[in-house]
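**Student:** The primary structure of each chain is shown beneath.
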Amino acid sequence: MKWIPNFNSSNSLRVIFVIAVFILLFLSSIAYKHNQDLNESSKLVMHTYEINIQLERLMSAIKDAETGQRGYIITRNARFLTPYIYSRDKVNTSFITLKKLTADNPAQQENLQKLFKLIIQRFVSFENCLKYSDPKTYDKRKLDNHMFGGRILMENIRFKVDEMNDMEKAYLKKRLKIYDAEISLSPLFSISLFLVALSFILLAYRQISRDFERMKIFNKKLLISNGLMAESEIIGKFSTWQWDLDTNKIDYSDNQYRLLGHEPNSFVPVRETFLDFVHPDDKEVVSESMDGIIEKKNLPFVYYKVMRPDREIRYFKSTGKILTDQQGSKILLGINFDITDEHLLNIELQERNRELEKSNKELASFNHVASHDLQEPLRKIQTFISRISDADKTVMSDSAKNYITKIESSAKRMRVLIDDLLLFSRTNTTKKEFLKMNLNELLDNAEAELTEIIDEKRAVIKASKLPKLAVIPYQIEQLFINLIGNSLKYSRPGVEPEITISCDKVNSSDYPEILEQSVKKFYKITFTDNGMGFDPQFKETIFILFQRLHSKTDYPGTGIGLAICKKIVENHKGHITADSTLNKGSVFTVFLPD
Amino acid sequence: MQKNALNILLADDDEDDRLFFKDAFEEIKIQTNVDFVHDGMQLMDHLQNPGNKLPDILFLDLNMPKKTGKECLIEIKKTDHLKDIIIAIYSTSSSEEDIEDTFIQGANIYIKKPSDFNTLKKLINEVVTVNWHYHTSGLNRDNFLLRLK
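Chains as they are written, first to last, in UniProt numbering: chain H, 1 to 594; chain V, 1 to 149.
Wrong hints could be hidden among the right ones.
[To be verified] Think about it this way: if two alpha-carbon atoms lie no more than 27 Å apart in a straight line, the pair counts; the simulated DSSO-like pairs of lysine-lysine are:
| # | chain 1 | residue 1 | chain 2 | residue 2 |
| --- | --- | --- | --- | --- |
| 1 | V | Lys122 | H | Lys412 |
| 2 | V | Lys77 | V | Lys53 |
| 3 | H | Lys380 | V | Lys67 |
| 4 | H | Lys412 | V | Lys112 |
| 5 | H | Lys380 | H | Lys393 |
[As the list claims (entries may be wrong)] Pairwise CB distance ranges (calculated):
| # | chain 1 | residue 1 | chain 2 | residue 2 | range |
| --- | --- | --- | --- | --- | --- |
| 6 | H | Arg352 | V | Asp80 | 50 to 60 Å |
| 7 | H | Gln547 | V | Ile104 | 37 to 47 Å |
| 8 | H | Asn402 | V | His81 | 52 to 62 Å |
| 9 | V | Thr119 | H | Arg413 | 16 to 26 Å |
| 10 | H | Glu570 | V | Glu100 | 20 to 30 Å |
| 11 | H | Arg352 | V | Ile74 | 32 to 42 Å |
| 12 | H | Glu540 | V | Ile74 | 43 to 53 Å |
| 13 | H | Val395 | V | Gln48 | 41 to 51 Å |
| 14 | V | Thr32 | H | Arg352 | 54 to 64 Å |
| 15 | V | Ile74 | H | Glu357 | 26 to 36 Å |
| 16 | H | Val285 | V | Asp80 | 54 to 64 Å |
[What the hints assert, rightly or not] If you want a taste of the chain H side facing chain V, the calculated C-beta under 10 Å gives, among others:
| # | residue |
| --- | --- |
| 17 | Phe384 |
| 18 | Ile385 |
| 19 | Ser386 |
| 20 | Arg387 |
In short, the hints are calculated from the structure, not lab data. Don't be surprised by glycine CBs; every beta carbon is placed ideally from N, CA and C.
Chain H on its own, in the form it takes in the complex (with noise of 0.2 Å):
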């Protein structure tokens, strides 16, 4: 949909955050491991320590115990023997925390149950070498032989400690190279990563702010148009409004509640309101075309009147379409159009239609008045005078004689005279039937018709080929009639008439003043005569009405002839105009649409 901007990058960009989220979570959980790790190390490292104390702690409450006890046999002295006493507990505690210290590790607990053991043998030997160096149970043999024995104990003691201390040692060394294994990996890696990371995050900020940027384009340009739209709605008398069919809100536009008589957004528009708006007698319609927009996504026009608040009644037209946006939500778009003012107009338009049309039905009555009761009175009176014979004429006056012929040509003129109006008139009112017709023929029915007075004038018509035309063909033999019965008529005194029929082929844009210009080509036909021609100052007014350029007694005429030929002309959607020079002959010219 053209309508709505393209913003794509959203979606990249929320893939790009969710990566950078992945990362950092990956980072921080590592770094969370490398404390973890430390720790651990530094624990173990404490507890290897701790162990090396404890062992030196026992080592060195055995060497008491010896001194102790080397300085009761040399001296005696009963105060020699309390550091030995202690010793013991001093072994016992220290034994307790080792073996507590040692609890993870079965290798140290067996050595710790072998050192115990010695321990053990080298207080034995102490009591022995104590019970022997007694005086009441000396026995120098037995006490060398404890003695040599604690001796070698006290080496085996030794030996086994340091092998403890070197395990525990050993044990801390693979540990930290573990540790140190694994942390060693990290800083380059996890610089890299969040460098990864600080670069997605960079990327989507640059995203972000050229988004931002073609907002602001588009918002101004929204602008623009939601300004250009409010105008144009009300220059042109129109509203539209807005129902989103999901969340059921409907928007109308500022100029749909002025067009219903109230100021913008003075209410706030559901479903029903609109049809309050609606006149009583069209709310069924409008209601059934709203819902019908719903089943067939657009609608035709409706047409129907609003009330506004004020009772004044409005013609409304409207139509409406579904459209669905890019988020897939279906939105109803309406437009209404105030059509009062056409409305009007077109009841105007009508009403002078029928008028329009009485008129033209009196005209045909007029003409049926014309035609048959008219002429009933005139042909009874030229019948009657008929019926005065020659018999009755000679007991007449000579004035009586006289005033016969002056009524008797006074019922012939006015004769001619209804037939040429009737004759005008039927030009008009008569089907308009068009036949292909070639003119050449329609030409010679009109000479034939106008034999006579050619003869009479002994008068010459030289034609040339005419072109074959879809026209109403005794429209046009009637035109020709006309054409050469004038120039027969306003011959030159003396002078043979001569008619010359031409016809040539000629461009509208040739004629630009005078001629269709929807219509590229016409056939150009001119009458030449050589009668006695007009002053070119009438050449427009002898084709109206009743202008005559002769008094009626020189030229008897109705001056219908020619307005008649305008007619038809014109009937053919074509063209005719004159021309003349005084005394030397008139040139008709007829332009007829190919």
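Following the hints, position chain V against chain H.
**Tutor:** Only chain V this time, still in chain H's reference frame:
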């Protein structure tokens, strides 16, 4: 009433026209019996009355009170025993519409009432002396309207 004479019937509401018509028939030298009726109703009554002899030629005015000439024409052409009567339309009107309509409805000839008594005599003479059996078979739109040569 003469025996071999032609039976002529004129249906016309105009008294003067009936007078001209009567005078014209008297002046032409053909044996005829001329009857008159004054309107369409009277015409149809006259034709439907078995006591009356059917006319050989019916001159029919179009513009008549009570029943127009056109209505009579249609009725006559629908009636079996009347449809063969020669019908000459005799009217003031020379409108294309009237000529076309009456031709289609089966009238034999169309005469425009002349404004000269001598012309009337000539027209009547022409109509009465035409061999109608021959003329009817060659009837067409061009010679339907009677023009004097």
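**Student:** Each hint needs a verdict: does it hold in this structure or not?
**Tutor:** The hints, checked one at a time:
no. : hint                              : verdict
1   : V:Lys122 <-> H:Lys412             : holds, 20 Å
2   : V:Lys77 <-> V:Lys53               : holds, 18 Å
3   : H:Lys380 <-> V:Lys67              : holds, 23 Å
4   : H:Lys412 <-> V:Lys112             : holds, 17 Å
5   : H:Lys380 <-> H:Lys393             : holds, 19 Å
6   : H:Arg352 <-> V:Asp80: 50 to 60 Å  : holds, 52 Å
7   : H:Gln547 <-> V:Ile104: 37 to 47 Å : holds, 40 Å
8   : H:Asn402 <-> V:His81: 52 to 62 Å  : holds, 56 Å
9   : V:Thr119 <-> H:Arg413: 16 to 26 Å : holds, 18 Å
10  : H:Glu570 <-> V:Glu100: 20 to 30 Å : holds, 25 Å
11  : H:Arg352 <-> V:Ile74: 32 to 42 Å  : holds, 39 Å
12  : H:Glu540 <-> V:Ile74: 43 to 53 Å  : holds, 50 Å
13  : H:Val395 <-> V:Gln48: 41 to 51 Å  : holds, 49 Å
14  : V:Thr32 <-> H:Arg352: 54 to 64 Å  : holds, 57 Å
15  : V:Ile74 <-> H:Glu357: 26 to 36 Å  : holds, 29 Å
16  : H:Val285 <-> V:Asp80: 54 to 64 Å  : holds, 58 Å
17  : Phe384                            : holds, 8 Å
18  : Ile385                            : holds, 9 Å
19  : Ser386                            : holds, 4 Å
20  : Arg387                            : holds, 5 Å
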